[in-house]
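Residue numbers (this note's numbering), protein chains in the order written: chain G, 1 to 116; chain B, 117 to 225.
Worth flagging that the hints you see were computed from the coordinates, not collected in a lab.
A hint or two may mislead.
[As the list claims (entries may be wrong)] Under the rule of at most 25 Å between Cα atoms (straight-line distance), these lysine to any residue pairs were calculated in the SDA-like manner:
| # | chain 1 | residue 1 | chain 2 | residue 2 |
| --- | --- | --- | --- | --- |
| 1 | B | Lys153 | G | Thr10 |
| 2 | B | Lys153 | G | Gly43 |
| 3 | B | Lys156 | G | Thr24 |
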Amino acid sequence: SQTIHQWPATLVQPVGSPLSLECTVEGTSNPNLYWYRQAAGRGLQLLFYSVGIGQISSEVPQNLSASRPQDRQFILSSKKLLLSDSGFYLCAWSEALDRRRSQPQHFGDGTRLSIL
Amino acid sequence: EDKVVQSPLSLVVHEGDTVTLNCSYEVTNFRSLLWYKQEKKAPTFLFMLTSSGIEKKSGRLSSILDKKELSSILNITATQTGDSAIYLCAVVGFQKLVFGTGTRLLVSP
Chain G
1 SQTIHQWPAT LVQPVGSPLS LECTVEGTSN PNLYWYRQAA GRGLQLLFYS
51 VGIGQISSEV PQNLSASRPQ DRQFILSSKK LLLSDSGFYL CAWSEALDRR
101 RSQPQHFGDG TRLSIL
Chain B
117 EDKVVQSPLS LVVHEGDTVT LNCSYEVTNF RSLLWYKQEK KAPTFLFMLT
167 SSGIEKKSGR LSSILDKKEL SSILNITATQ TGDSAIYLCA VVGFQKLVFG
217 TGTRLLVSP
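Here chain B stands alone, though its shape is the one from the complex (with noise of 0.2 Å):
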């Protein structure tokens, strides 16, 4: 069975701080791996990766692929308390997405 797994399963930080969350999956047919942000309503979608040790980059957020761990890091840098929310992995097999149970992040001022 298809499976991902994130963690830590929530964190708390302090804004300034560095933080990098973790993904991995098990996942037949794998085609790509997505990061979502979800704050009160819809997942918004933040990176897909396909290839390994591409880090793909958007402000203060990265994130790269290693195919042969099965894994991938999601990066905040210098985090501000609007990065406040659950972060999930999914992993696409074919024509499906398979949803980690997200790690939820607090800033504090």
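The shape of chain G in the complex, shown without the other chains (with noise of 0.2 Å):
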């Protein structure tokens, strides 16, 4: 069965410092990745999604970015990091679309990042 590891689970940062969120699925090859993040009362809003390795979209201009340097793995980064930087950041895989089906996403269990 396929399984999505994210770490680390919490992390406290002070503005202006680099970030690195990792993101790993098992189980499955070829996945669909995304990054998203989620502030308090508001919906998820997606950050990078990708379709395969070194293919990354971007929703949101932003001091983010994101990589996918293996099949299954997706990492969020920042050189600086803002206080809005603040979040829930989730990864999620599913397995490929194509023009006829849609799949749902499955998610990791996040990460809590909190700028000081």
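Assembling the complex is the task here: the two chains are given apart, and the hints tell you how they should meet.
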């Protein structure tokens, strides 16, 4: 069965410091991968998605970036964190989509990021 | 711009009550609608609806899609305290999910 791992679970970082959050998926190949942010009282906001190695689509312009160095690895990074980057970050995967069918996304346990 | 709106924003009921959560959407290239339950961490998948009028059921939970009205409802019968959570509705466009802000349900004993 497929599993998704995301770490760390919580992180406290000072403003201006770098960030690296990692997500890996097991039990499937060539998944679609996603990074979301959930701010308090708001819905999930899609930040990045990837349909393959090295293929990243950005949904929201910001100081975050994403990379997919391996098929089942997705990394969220920042060179300099802002206070507004605080939030709950969720990684998700789905089977590769085609034009005929949708596939549900399955989420990791999330990283709660606090910027001080 | 794609949009998903859920109502009510929050709800408090007593154990044993039946609740109905609503989701309406405006999405180009609609493909399907999904419901998730979020307790403390990861949202967990409940249902995926693609066809209008066909009810999906899992235990005390059921959901149905109305493509004409661009909406869906999630019903929970005989609620239990373990049903307390945020229920998220999401609509699939091409390759992307658009989420609503969720309905926070609290079931009191």
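Hints and how they fare:
{"no.": "1", "hint": "B:Lys153 to G:Thr10", "in the structure": "21 Å, holds"}
{"no.": "2", "hint": "B:Lys153 to G:Gly43", "in the structure": "13 Å, holds"}
{"no.": "3", "hint": "B:Lys156 to G:Thr24", "in the structure": "21 Å, holds"}
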